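Enquirer: The two chains are supplied separately, each in an independent frame; assemble them into the complex guided by the hints.
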Amino acid sequence: MSTLTDPPAASFKLSMLVYDTRYRAITFQIIALVAFLLFFGWLALNTAQNLADLGKEPSFGFLFEPAGYDINQRLIEYNSQSSHLRAAFVGILNTLLVAFMGCVAATVVGVLIGVLRLSNNWLVARLMTIYVELFRNVPVLMWIVLSMAILIESLPAPRDFRGEDPAATMSFFDSVAVTNRGVYIPEPLFSRGLGDFPIGGAFNISLDLIAILIVLGGSLFVRNRIAQRAEAQQNATGIRPRTWHIQLGVILLPLIVLLAVLGFHLGYPVLKGFNFGGGTYLRNSLIALWLALSLYTAAFIAEIVRAGILAISKGQTEAAAALGLRPRRIMSLVILPQALRVIIPPLISQYLNLTKNSSLAIAVGYMDITGTLMGITLNQTGRELETVLLGMLIYLAISLLISAVMNWYNSRVKLVER
Amino acid sequence: MMKSVFLGALTVAGLTAGAAAAATLDDVKARGKLNCGVTTGLVGFAAPDANGEWKGFDVGVCRAVAAAVLGDPTAVEFVPTTGKTRFTALASGEIDMLARNTTWTFSRDVDLKFTFVGVNYYDGQGFMVPKELGVSSAKEMDGATVCIQTGTTTELNLADFFRKNNMNYEPVPIETNAEAQQQYLAGACDVYTTDASGLAATRATFEDPTAHVVLPEIVSKEPLGPLVRHGDDEWGDVVRWSLNALVAAEELGITSTNVGDMASSAGDNPEINRLLGTEGNLGEMLGLEADWAVKAIQAGGNYGELFEQNIGESTPIGLARGLNAQWTDGGLMYAPPFR
Numbered sequence: 001m002s003t004l005t006d007p008p009a010a011s012f013k014l015s016m017l018v019y020d021t022r023y024r025a026i027t028f029q030i031i032a033l034v035a036f037l038l039f040f041g042w043l044a045l046n047t048a049q050n051l052a053d054l055g056k057e058p059s060f061g062f063l064f065e066p067a068g069y070d071i072n073q074r075l076i077e078y079n080s081q082s083s084h085l086r087a088a089f090v091g092i093l094n095t096l097l098v099a100f101m102g103c104v105a106a107t108v109v110g111v112l113i114g115v116l117r118l119s120n121n122w123l124v125a126r127l128m129t130i131y132v133e134l135f136r137n138v139p140v141l142m143w144i145v146l147s148m149a150i151l152i153e154s155l156p157a158p159r160d161f162r163g164e165d166p167a168a169t170m171s172f173f174d175s176v177a178v179t180n181r182g183v184y185i186p187e188p189l190f191s192r193g194l195g196d197f198p199i200g201g202a203f204n205i206s207l208d209l210i211a212i213l214i215v216l217g218g219s220l221f222v223r224n225r226i227a228q229r230a231e232a233q234q235n236a237t238g239i240r241p242r243t244w245h246i247q248l249g250v251i252l253l254p255l256i257v258l259l260a261v262l263g264f265h266l267g268y269p270v271l272k273g274f275n276f277g278g279g280t281y282l283r284n285s286l287i288a289l290w291l292a293l294s295l296y297t298a299a300f301i302a303e304i305v306r307a308g309i310l311a312i313s314k315g316q317t318e319a320a321a322a323l324g325l326r327p328r329r330i331m332s333l334v335i336l337p338q339a340l341r342v343i344i345p346p347l348i349s350q351y352l353n354l355t356k357n358s359s360l361a362i363a364v365g366y367m368d369i370t371g372t373l374m375g376i377t378l379n380q381t382g383r384e385l386e387t388v389l390l391g392m393l394i395y396l397a398i399s400l401l402i403s404a405v406m407n408w409y410n411s412r413v414k415l416v417e418r
Numbered sequence: 001m002m003k004s005v006f007l008g009a010l011t012v013a014g015l016t017a018g019a020a021a022a023a024t025l026d027d028v029k030a031r032g033k034l035n036c037g038v039t040t041g042l043v044g045f046a047a048p049d050a051n052g053e054w055k056g057f058d059v060g061v062c063r064a065v066a067a068a069v070l071g072d073p074t075a076v077e078f079v080p081t082t083g084k085t086r087f088t089a090l091a092s093g094e095i096d097m098l099a100r101n102t103t104w105t106f107s108r109d110v111d112l113k114f115t116f117v118g119v120n121y122y123d124g125q126g127f128m129v130p131k132e133l134g135v136s137s138a139k140e141m142d143g144a145t146v147c148i149q150t151g152t153t154t155e156l157n158l159a160d161f162f163r164k165n166n167m168n169y170e171p172v173p174i175e176t177n178a179e180a181q182q183q184y185l186a187g188a189c190d191v192y193t194t195d196a197s198g199l200a201a202t203r204a205t206f207e208d209p210t211a212h213v214v215l216p217e218i219v220s221k222e223p224l225g226p227l228v229r230h231g232d233d234e235w236g237d238v239v240r241w242s243l244n245a246l247v248a249a250e251e252l253g254i255t256s257t258n259v260g261d262m263a264s265s266a267g268d269n270p271e272i273n274r275l276l277g278t279e280g281n282l283g284e285m286l287g288l289e290a291d292w293a294v295k296a297i298q299a300g301g302n303y304g305e306l307f308e309q310n311i312g313e314s315t316p317i318g319l320a321r322g323l324n325a326q327w328t329d330g331g332l333m334y335a336p337p338f339r
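Protein chains in written order, with our numbering: chain A, 1 to 418; chain B, 1 to 339.
Accuracy of the hints is not assured; some may be wrong.
Cross-link-like lysine-lysine pairs, in silico, DSS-like; alpha carbons within 25 Å at most [claimed, not checked]:
no., chain 1, residue 1, chain 2, residue 2
1, B, 164, A, 56
2, B, 164, A, 272
3, B, 84, B, 55
Quick partial rundown of chain A residues pointing at chain B, CB under 7 Å, derived from the structure [to be verified]:
no., residue
4, 54
5, 69
6, 70
7, 80
8, 153
9, 154
10, 157
11, 274
12, 337
13, 338
14, 341
15, 376
If you want a taste of the chain A side facing chain B, the calculated C-beta under 7 Å gives, among others [to be verified]:
no., residue
16, 58
17, 65
18, 68
19, 72
20, 152
21, 180
22, 181
23, 227
24, 275
25, 279
26, 365
27, 375
28, 379
In short, the hints are calculated from the structure, not lab data. None of these values were measured; they are calculated from a predicted model. Glycine included, every Cβ here is placed at the ideal spot set by N, Cα and C.
Isolated chain B (complex conformation) (with noise of 0.2 Å):
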């Protein structure tokens, strides 16, 4: 008798584990809130302002997700992680999306078992240096002391990179950005190497930005874009579709000041149409409200807009388009059709 109690309550559990797995965008409905992770501070991309209000590029995506499945984009629990808790706590449920300047890789995919839903960066790993030191190429670093950040693929480009080239260098790990920052300005690291953009970010919040120097080399491919768990598809499609919605937002010339009046009835172009809602049933087929679009745009604007607040060149951060740009301006930025 004990046994089949036993196996029964095995079986129960396993159910409610494969059940809980599957339904992150009921979860997240019934709770109200956004559960999503980000960085534990990296100004221009998700870091807490004066007020203890989460600004940054990141977190506008974690806005638009949840203005769009909640109607509102402050409804959103910001869970900071380090690169190495991130995977961690999205495998776990602690979260429900990372947005985390992560980058999209095989492993990750396929291993850990997430799904990488898109890319709202695209980036490489440079290396910053202070001028000082008279540095100005990365292949000039023979012996240097590298601050890295652990368990990031940075790490491992790295690595490779001085394999690569036969030269040798000192790995200094450090778990977070502001400490990298601490160890970099003392001068107990000669080299700070994380993705470009980071680099950018980190050295805008200097003191005197103009000593130091980002070396030309970019040594990696680094897509970064948000992420969910594997196997919770509707969950998967709704944060995909909510980022697409942005970037062909811009492309269709839609902002944060006219949506409110494309959306408030259908216009002569069809796309626009079925994306705001005004034709069509693409919110329903995503479990949504029809505006769910109108929304996630209302959150803090289109792609474009988004980019230009926080990272673009009129920010202290100064990142050019360049890649991110969308497709018919050269870049890479290209959202698939809305139909």
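Next comes chain A alone, as it looks inside the complex (with noise of 0.2 Å):
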């Protein structure tokens, strides 16, 4: 008979971190990590020693004096006297602009491209391809400064409708101008509005645009219900009813009645001075970055759309048809709903890109956040890291944003399985 004896008690020895292989990966990751940390460190610290040197300790307290400078679209209250973070805020409202304008009109070409070249039609499927193939392999700059010189050059000066037989006229009866500064449109204005709203003294929100949401959310709640009702009666009786001229009066009705009440009328633009004033101004440089960035993202989005579709087995399209659908419900109804689960991650990328690309925008003198905070307000304070600091994390901010919603959208889309 032999006795058992315990295993030694394990004594816990240095050299384990290495010759263990317990340890031994833990002990690596612990390395790597410090000394990737030091190496930040002293890259942080270095900076700072050499702005010592310079001078110029970082220091972000520019960011509450007097900007000093004049922007020219402003979404939210501002002049020369305002802060340096007011300008900055200011530039990222009109990035945010830019980009949520160009992310939309991008999504709308870029799905009609990437349908259109797998038509069966040869001439338009090879005309998607050459937009495709030309929009993609031109740098995005190109296209923007391109677009601009066009807008510049073809388009008459506003002082080309002055005088008796003016050079040029406004267009849609008088209501639309179309310069070489940007388009004035006509504006919405309420005679009896109710004002503006302050938020903490820096913001101002529209009372009336306040009131048309919640009208408007109200009607789209009742169409909600009524819609119920009509699928609940067709499970009943196997019968639907008619309600769509019920549900499209719930919209209008109560928001015809809502404008008439505050007093709605449109502004029309009128030449008065060196420009045009009333109406709503689109200045060219907004337009000539959302219509290159636009175009150009669409090329990418239409290869993603593309094949999204080719991932769809044709039998999918071959069953549909033989259940009598027609090639638009198909698509509409059968095919794209399907490709949304392919199409959507890379689409995310896409809007990141078109977002981060509109930094480009000084190319054409847009006043987004290059423009102002780390353009103007760089120059004229000479706070380089700082600023380029904070647009970095702007720019991180905003991206994870548009990531964060658009992965939410994902997982509501795709295939839920049991």
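Expert: Rendered as structure tokens:
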């Protein structure tokens, strides 16, 4: 009979960190992490040291000093006495505006081109191929500069609208002026408006807009209830009642009443002094940037859409056709919903690309965040490091936000597996 | 141990950074070339000619400094900078000096840590409009669209001018003079504003210069001059006195044609002798050859010659000397004594 002895109590020795496979992996990771942190610490300290030698210690105090410069397109209140911080906010809003407009337009154009590229019509398919290859193989900056040059050189200047026999006239019953400074369109005005609601003294939100949104939201809610009832009735009796005219009325009538109460009317652009006054003014820097960014990104989105459609088995089309669906309905009801699962992940990247490419705005003088904070503010204050760091953080935040929203959407449309 | 190596590396990095900042003169001599920041192109001040050779009033200052330091006026690497990139280029050491119609202001001198070595052109901000608009005064510009180069003092002055006069305007920000010219000529802006000299230089390149007027209002003081980095006084002195030598040469009657004769032997004017190195050791004090000023003057002529050749009344730009005449002629050009 042999006696069993306990294995010797494991005593931890320092050498085990390297020789014991249980610890080795972690040891090396910790060493790598420390080295990594030390490297970045050194980088930061070195930069701070060099800046201190130049007599320019990093400081963000400049953000609260008056900016001193004017910005043409401002979505919030701003004048040259406002702070650099507020100028940065104006820039951020301008960036978001062009990014949003660009993403919407690029998606619409991209899906259209992507679908048409698969058309059975040889000419249409080839034309779309040419579009895609042309746009994605030339740098976006060229497209931006080109569209701006076309807008400036081909359209009439405001002074051409003047005089007895003007060289240019306004279109759409004298309501839209297309000039080489931008497009002036009628603006919605309220003669009995509710005024603005200040938020923390920094922003004003139009109460008219809020009222319209509330009424629209209410109407849409009622419309959904009507649709639900129609659905229930169809399930019970097999006959779907005609409700589209009631739905339309529910949406339109309250809105029309509200607009009438607020005294809605259109303000038309009128030539006065050097420029058109009144109306909504879309600067051609915004138009050029929007056009170029959306057409450029649309070429990439078209390819993504094409890939997504090709990923769906041809049997799906044939099966749908066998049920008697028409090609357009097959595309919108059968193919595209399935293709979305393939399309959305790469689409997120394209949205991010478009947003980041909008930083080329200064090429056409559009005052986005690169133009205000990382452009004029940087130059007037000489704070390169601080403004560029802030600019990077802002783009990072915007990109992460877009990414989060799109990923949420992706998780909603992706295939739910049991 | 890790920590001491790290701190050691940091100290070395700090020391080399400090040393690098203080010896621009040695760097330039070792390199054999002066890196001089100029505009991306403003005819008369700095622009490449048909042969790709840089010509102009600011270019003349670069060449004079290169001649004084290296003995060769062509040993210059011209680095085109925009209103936005110029200060970063200088602060980072990409260029040794900036001669780019840059306005000497308090904050650039004190806050941005640069040293302005003098003024080579006394300027003021003006406005140019097409004649057909019928505008005769800047006060009539309410509601105008104004083309403006971003990151300049003119941008700030413009905001101040319109605020002070209670007028509105629409700024169109642009990067370079060439872009401004394109937009202005196409009518995308009513007014182009920059320094009056810049307006004159831009107008001179137009097909029909007479169709555009420069308005009489000058809304600011814009002393333009070369600048160097803060903290390298020896280099600052070299650039400062090279510029002063050009100004003094005009006052003393030294030109590019007679400087060779006058420097061959000591004359009877002791200041000329000291300037041209035939007496005293001014060059040695600067860390340069004795004939540094001779070479600087030979490079493109004295201040008056540079002015006449590049922007003077006989050129298409046609600027009068005005404030930029010698102090002896009622102007502001005044070189401190060479003694």
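Enquirer: Let's test the interface hint: is any C-beta of chain B closer than 7 Å to that of residue 338 of chain A?
Expert: Interface hint status for residue 338 of chain A: violated (47 Å vs cutoff 7 Å).
Enquirer: Quick check on the hint: residue 279 of chain A CB to chain B CB, less than 7 Å?
Expert: Not OK, violated: residue 279 of chain A not within 7 Å of chain B, min 14 Å.
Enquirer: If you take the shortest Cβ to Cβ gap from residue 337 of chain A to chain B, is it below 7 Å?
Expert: Violated - the Cβ of residue 337 of chain A stays beyond 7 Å from chain B, reaching only about 45 Å at its closest.
Enquirer: Does the CB of residue 80 of chain A sit less than 7 Å away from some CB of chain B?
Expert: Holds. Min distance 4 Å.
Enquirer: Given a cut of 7 Å on the nearest C-beta pair, is the interface hint for residue 65 of chain A held or broken against chain B?
Expert: Violated, about 10 Å.
Enquirer: A closest beta-carbon separation below 7 Å is what the hint needs, so does residue 376 of chain A meet it against chain B?
Expert: holds, 5 Å
Enquirer: Was the hint right that residue 69 of chain A lines chain B, CB cutoff 7 Å?
Expert: holds, 5 Å
Enquirer: Hint validation: residue 274 of chain A versus chain B, beta carbon distance must be below 7 Å. Holds or violated?
Expert: With a minimum Cβ separation of about 4 Å from chain B (threshold 7 Å), the hint on residue 274 of chain A holds.
Enquirer: Next item in the hint list is residue 154 of chain A. Is there a CB on chain B closer than 7 Å to its CB?
Expert: violated, 9 Å
Enquirer: Holds or violated: the hint that residue 341 of chain A contacts chain B, with Cβ atoms closer than 7 Å.
Expert: violated, 44 Å
Enquirer: Against chain B, is residue 365 of chain A within 7 Å by beta-carbon distance?
Expert: holds, 5 Å
Enquirer: Report holds or violated for the interface hint on residue 70 of chain A, using the least CB-CB distance to chain B and a cut-off of 7 Å.
Expert: holds, 5 Å
In terms of the numbered hints stated before, the structure departs from hints 1, 9, 12, 13, 14, 16, 17, 23, 25, listed from lowest to highest.
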